[in-house]
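Work the whole structure out from these sequences, hints included.
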Amino acid sequence: MYDELIDILTPKGKPTGKSALKSEIHSKGYYHNTAHLWFYTSEGYILLQQRAASKIIYPLLWDVSVAGHVDAGESIEQAAIRETKEEINLDISEAQLIKIGVFECFQSYPNDIIDNEFHNTFLCELKTDLKNLTPQLEEVEALKLVTLKEFETLLKHSKTNNHFVSSNSDYYKFIAKTIKTKISK
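Take the position in the sequence shown, starting the count at 1, then add 14; the result is the number in my numbering.
Relax, there's no trap hidden among the hints.
Quick list of the computed label-pair ranges, beta carbon to beta carbon: (1) Ser-41 <-> Thr-142: 36 to 46 Å; (2) Phe-188 <-> Ile-127: 18 to 28 Å; (3) Asp-143 <-> Glu-166: 22 to 32 Å; (4) Ile-112 <-> Ser-181: 17 to 27 Å.
Simulated from the structure, these hints should not be mistaken for laboratory data.
No residue lacks a Cβ here, since even glycine has one placed at the ideal position from N, Cα and C.
Shown next, in the form of structure tokens:
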């Protein structure tokens, strides 16, 4: 993977007009945008991505369907579309994105990474079979579909089952609730 150029934000999420390499963003703790995309099916399944074993943060844990940094000069929607193509080889359009919020995720890790991210979060209905998706090996170890009930059960025990990033529990609960609302319409 290359060291992307990323726009720097203020602690309130406003553009500063400055950019830095991803490595500098994380070493100095600059605030920045990411795009998170949660795929769901009309039958009530959620697509989960297992983080690659080579990932520095939370390797092999299950997480958001698709996520990535927003490159300098790129819109958040463009990043969501690009990351979807890169990580699972799926083409989507901006019209398919349903923005559900921006979530602050400010964390520091023992490996000296200071991750001050604004997760710009979208839903998107998955209209293809899982077998049609191709995981990007550098980013994604595996993909799976779980029912909302399975998602909630795994989440309930996330402090002991080593499945999800347990510190993101409230975020995951919000996602499950929002997807439930979306499919019950």
